[in-house]
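Chains E and S, in that order, give the protein sequences. Take 1 as the starting number for the first sequence in my numbering and just add one per residue. Take 1 as the starting number for the second sequence in my numbering and just add one per residue.
Derived lysine-lysine pairs resembling DSS-like cross-links, with alpha carbons at most 30 angstroms apart:
#, chain 1, residue 1, chain 2, residue 2
1, E, K57, S, K67
2, S, K98, E, K57
3, E, K11, E, K53
4, S, K56, S, K42
Distance windows between CB atoms, simulated:
#, chain 1, residue 1, chain 2, residue 2, range
5, S, Q31, E, N28, 23 to 31 angstroms
6, S, P81, E, T82, 38 to 46 angstroms
7, E, G51, S, D27, 21 to 29 angstroms
8, S, D58, E, T82, 40 to 48 angstroms
9, S, K56, E, P108, 22 to 30 angstroms
10, S, P14, E, K70, 44 to 52 angstroms
11, S, N66, E, D38, 27 to 35 angstroms
12, E, E79, S, E5, 29 to 37 angstroms
13, E, P108, S, L11, 21 to 29 angstroms
14, E, S83, S, D58, 37 to 45 angstroms
15, E, S69, S, S20, 39 to 47 angstroms
16, E, T95, S, I18, 28 to 36 angstroms
In short, the hints are calculated from the structure, not lab data. Where is the CB? At the ideal position from N, CA and C, for every residue including glycine.
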Amino acid sequence: DAGITQSPRHKVTETGTPVTLRCHQTENHRYMYWYRQDPGHGLRLIHYSYGVKDTDKGEVSDGYSVSRSKTEDFLLTLESATSSQTSVYFCAAGTSGGIGTDTQYFGPGTRLTVL
Amino acid sequence: QKEVEQNSGPLSVPEGAIASLNCTYSDRVSQSFFWYRQYSGKSPELIMSIYSNGDKEDGRFTAQLNKASQYVSLLIRDSQPSDSATYLCASFGSSASKIIFGSGTRLSIRP
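Bound-form chain E, shown alone:
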């Protein structure tokens, strides 16, 4: 897992409640990412960060927000959870920006169920 942890690993919540997932890395990677993985869709980028307090949207960002106040931590918040957000969420971190340096390592994942 290249020094990337996610918490919690499993969560069951109810529709309408806010949920925060945490990603922590120990390798001082500049870039961090949140993906969701659903059957038939592969990995889809939710949000990513290219530095402390620098974030941008991915392809499925509606209903999600992120924050990165420290290099090592990247938080994903579901502002008001819906059943369509039931998924497995992966955090990733790594280098980026040039040929030969692009590498991305994944955390173990968080399985989120919204009832």
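Following the hints, put chain S in place on chain E, whose structure we already have.
Okay, now just chain S, sitting in the frame of chain E:
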């Protein structure tokens, strides 16, 4: 059209044979390409990266890139049951810092 496309499989290959996994991409300015392996219930693991046209070999794995045809492939020689997994193709797109993943091909190695 998806930016990175893969046949979902399952692809069934006998043990000891060569498994061939294919991927096409639509963004002509993509420069970097990756193959990840994902076992059921686990996170993706990077196994190969390739940036230049041609072949790149690492042990039993060979990645092939053809930028003119926008085509990437992964060959696994001497396939083992432990190679049974889903293989994700990914490209580093023209938008900075974004790696785009295909939906994955499920590979099954039969004894």
